[in-house]
Structures are given as structure tokens and as C-alpha cells.
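Residue numbers (our numbering), protein chains in the order written: chain E, 1 to 261; chain S, 1001 to 1229.
Simulated from the structure, these hints should not be mistaken for lab results. Careful: at least some of the hints might be erroneous.
The list that follows gives simulated cross-link-like pairs (lysine-lysine, DSS-like), each with its CA atoms no further than 27 angstroms apart [what the hints assert, rightly or not]:
| id | chain 1 | residue 1 | chain 2 | residue 2 |
| --- | --- | --- | --- | --- |
| 1 | S | K1165 | S | K1115 |
| 2 | S | K1106 | S | K1055 |
| 3 | S | K1115 | E | K10 |
| 4 | S | K1127 | E | K164 |
| 5 | S | K1015 | E | K75 |
| 6 | S | K1127 | E | K9 |
| 7 | S | K1115 | S | K1127 |
| 8 | E | K258 | S | K1010 |
| 9 | E | K10 | S | K1127 |
| 10 | S | K1089 | S | K1059 |
| 11 | S | K1059 | E | K164 |
| 12 | E | K75 | S | K1014 |
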Amino acid sequence: MNAWLYLTKKEFRLGLPAFLIALILFSGVIAAGIIAGNRLGFEDEIMSVTFMIVIALHTFFLAFYLYYSLNTERKRLHLWLHTPMSIAGLLSSKLFTGFVFMLSTLIISVILAMANLSATFSLFSQESLFNTLGTISIAILLAALFISAVFLLLWSIFLTFSQKWNDFFSFLLTVILFFVSVWAYGSFISLPFVQMLTNWGGIQAGDIITGFEVTYREEAVDVQTMKDATVFYIGNFVRDLILAVIMFIAACWIIERKVEV
Amino acid sequence: MITLTDVTKKYGSKKALDHVNLELTPGKLIGLVGENGSGKSTTLKLIAGLNYPTKGEIKVDGNKVNRKIAKSVSYLSELDEYYRFFTVKQSIAFYASQFADFNEEKAYEILRFMKLNPNDKLKHLSKGNRGRLKIVLSLSRNVPVILMDEPLSGLDPMVRDSIVKGLISFIDLEKQLVLITTHEIREVENVLDEVVAIKDGSIIGHHNVEQLREEKHTGIVDWMTEIYG
């Protein structure tokens, strides 16, 4: 455990530039929102949209962080892999640090979005705003973890390919493999038998905000929310969670057995 | 003890090692010599579990080698790659945390011998000093096998000799086996117990250095010149 904690401390320092890049990107989006708001004259409304964009961008934060960290490590695989620690230990350390970095900017973004939305729009009660942003945040965190598991698997496959072929061809093969897998997985989960297995634990979620209808007038802007009733299946989350764990284990297996220095 | 049994390693269609059989016993400092591209680094990486043989088997102390052999093998790479943000002191602390057999006291002893400042940042170290730090980190582990790939490259010729002599005092030659690849053969010649010559992925000679001197009245460099033609 001590070894893992020290490793994680190293990962925080190794991955810091990726965190700073993300921070600069988010600041850039917010700055662009402020400038656009000033020019167009709807500062608060545009800032609300801007904060929602920043929150949505977090979906790819973890995958980007892993890309940066693993790519840095690729140059010194002999240092990274020459350790008694398991590959699961090495990768989980990177996942943990990326998750902490992501959480820190996500929390700030959600707080700023909440403050802005509640001050700008009267159609949200504090409670519904909290619930909506909370649900969005959890969905983003889960999606980020799923995407990062996909990324880890693809990265390990790419690394294995790149030992035989050049980087461009390896990348191309990995991308093709990715699209074929997505198609196969999509077809698989659409099968009536699979749906019967996974569509359980339905949660009826009424009045979910699915969009906004914005009407511009010279003196004001009218914003209406578009709502929909949706059913979420816990079974689908469990299915994706199991798939993410399988992908993580597969990535560990590939790096352990197929990746050479 | 390290054993390579009929080991072949291919990179694509290119053979880096070709049916290599080798047995190395503990308590020795062994030199693996050969031209560039002869298979020296590949041999070390295979023993370190960082590469896998295409055919054949490698064992360290009776255990089939895989990546987890890092528990009992210390590996120094020829590459000049490092974590730039660490100081020398932090590098030692990091290694100590990752390897249960890492001896911090010994590390600082070697550090003093190498005249390195513990507070220097790695990114500010000269190539020579980074090379010295790599030696510190690999020799500070109490493991049965130490693999050193070109440890003297980048070091000032003036200090190579003193470092080579220093190496001896930091190795436990009762228990440890040190396998070292180098082009600076003259500098290490006097401290080697055995020498293994490799050419085009095949072992072309394996001798006890003392015997080589007594029986053939020749040193390693002359012997190499002879067998390489």
C-alpha cells in the first residue's frame, strides 16, 4: 500500500501538466463565454451555457489525462514497468490521480454553474437545480470512467500493435478495431434477449430537462425548458460497469503479457 | 543463477537472438561484450522480464522470467530517461518505496562516492551525473541479479576508472551476480570474472577472464579482436 501511495504521489507530479492544460482549456472556454456575452449583451445566459459546456467537457477529462500520462510513460517504459507492482496497481494509480484532478475542476464548475443558473433563471428552484446538476455530474463521472476504460484497452492494443508496425498504421488499426467493436457491442445490446437481461430496475424520471427553447427579443430573452419523461434502467448501468471492469482487466493483461520495452 | 535455454528473440522478421544457451552463476561480475546491434541489450531486457523470448526459456534462480522478476532483478537501462521533476533525494525515496529490498543507507553511501548532491533536480543534472545516479539506484538493491546496460556511457573517461573500482566495493560478490554490457572494455577488464561475447545474436565465446589470461596469454580486447576476426 505504501508503494502504491508513493507511486500515486509521483503520478500527481507526472500528470500535473495535463491538469494545467485542462484548466487552461476550461478557462479559455469561460473567457470566450465572457467575451461573447459582453459583445452580444446576454452575459448571464451565455455564461450559463458556457458553464454547461465546461461541465460536459469533463466527460473526456480522464481519458485525456490518461493519454497524457501514459504517453509520457511510453518514453520510459523500462522505468514504469520494471517494478514488482501489478499492472492493475500501476494503472489504478493513474486513474485515481486523474479522477481527483477531474473531480476538483468538476466541483468548481458545478458550483459556478449553480450560482449562475439560479441567479439568471427563475424557472429553477434551488432543489431542482441541485438535483439536475447532481445527476448530470454523476452521469459525467460514470461516463468518464467508462470512456477511460475504453481508452486504456485501446492504448494497450495500440502499444502491442506498435511493436510490430509503425505508429500511424498501429493507430489506424486500433481505430478500425474500435469502430468494429462499437458496432458489435451496439448490435449485441440491441438483441431482445440481452435487453431482457439488462432492462431491469427501471427508474421513471419525469420532467427531465432535455433542452432549452430560447426566444430573443430586443428588450429581453425568454427561456423555456423542454422536458421529457424517461426511464433509466439500473441494469444498463450494471452492464456498462461490468464491461468497464472487463476492459480494465483486459488492458492489464495485455500490458502484462504483450507489451515489451 | 541465470539460465537461457535455446532462446530466440525476433523483432518482426529480424532475429535479435538466435538459439542462445547460457548459464551464469552467482558471485560473479560478468561482462557481455559485442558490437552494436549484436543482441546485448536484448539479452538484458529478456532477463529483466521486459521483453519476452519468441522461443526458448529464461530462468532466474529457477523461476521462469516474466515482468514480476523485477522483485529479484535490478535493471539499469542504457536509455537516458528519467522523471525530470524529482530531485536526487526524491528519486532515492521513490525507489525505496517501490522496492522492498532497496537499501537507502547504501544508496547515500554510493551517492557520496559518486559525489552527487541529494538536493539537485534531475532535470539540472549533467548526462554524466544522471548516469551516476542510475548506478546508485541499481546498486542499492539487495537482489541476487543486477543487470547494467552500458552503465559507463556518457561518463567522463577521467572518472570511469574510479567508478569501476568503486563498483566492486558496492557489490556483494558472495551473493550477487552482475551482468554488465559495455563498450569500454579496457576500463572494466580488470574487475570482470567472466566474459561472454555475442555476435549477430549468437554467443561466440564464454570465458573465465583469469583463465583467458593464464591459458591464452591474452586480455579481453585481444581475445575479442581474435574471435571477431
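Exercise. Is K1127 of chain S within 27 angstroms of K9 of chain E, Cα to Cα?
Worked result: holds (26 angstroms)
Exercise. Is the straight-line distance between the alpha-carbon of K75 of chain E and that of K1014 of chain S 27 angstroms or less?
Worked result: holds (23 angstroms)
Exercise. Given the hint that K1059 of chain S pairs with K164 of chain E, does the C-alpha gap stay at or below 27 angstroms?
Worked result: holds (26 angstroms)
Exercise. Straight-line Cα separation of K1015 of chain S and K75 of chain E no greater than 27 angstroms?
Worked result: This hinted pair holds, its Cα atoms lying about 24 angstroms apart.
For this session: Take a quick look at whether K1115 of chain S and K1127 of chain S sit within 27 angstroms of each other, Cα to Cα.
Result: This hinted pair holds, its Cα atoms lying about 14 angstroms apart.
For this session: Measure nothing beyond the straight line between the CA atoms of K10 of chain E and K1127 of chain S; if it is 27 angstroms or shorter, mark the hint as holding.
Result: At roughly 22 angstroms apart (the allowed maximum being 27 angstroms), K1127 of chain S and K10 of chain E satisfy the hint.
Exercise. When you check the alpha-carbon spacing of K1089 of chain S and K1059 of chain S, does it fall within 27 angstroms?
Worked result: Measuring from Cα to Cα gives roughly 34 angstroms; hence the hint is violated.
Exercise. Taking 27 angstroms as the top limit, are the C-alpha atoms of K1115 of chain S and K10 of chain E close enough?
Worked result: The given pair, whose Cα atoms are some 26 angstroms apart, holds under the 27 angstroms limit.
For this session: Take the C-alpha atoms of K1106 of chain S and K1055 of chain S, compute the straight-line distance between them, and say whether it is at most 27 angstroms.
Result: This hinted pair is violated, its Cα atoms lying about 38 angstroms apart.
Exercise. Taken at face value, is the distance from the CA of K1010 of chain S to the CA of K258 of chain E at most 27 angstroms?
Worked result: holds (14 angstroms)
For this session: Compare the distance between the alpha carbons of K1165 of chain S and K1115 of chain S with 27 angstroms, and conclude whether the hinted pair is satisfied.
Result: holds (15 angstroms)
For this session: Would you mind confirming whether the straight-line C-alpha gap from K1127 of chain S to K164 of chain E stays at or under 27 angstroms?
Result: With a Cα-Cα distance of about 31 angstroms, the restraint between K1127 of chain S and K164 of chain E is violated, given a limit of 27 angstroms.
In summary, the structure is inconsistent with hints 2, 4 and 10 from the numbered list given earlier, while agreeing with the others.
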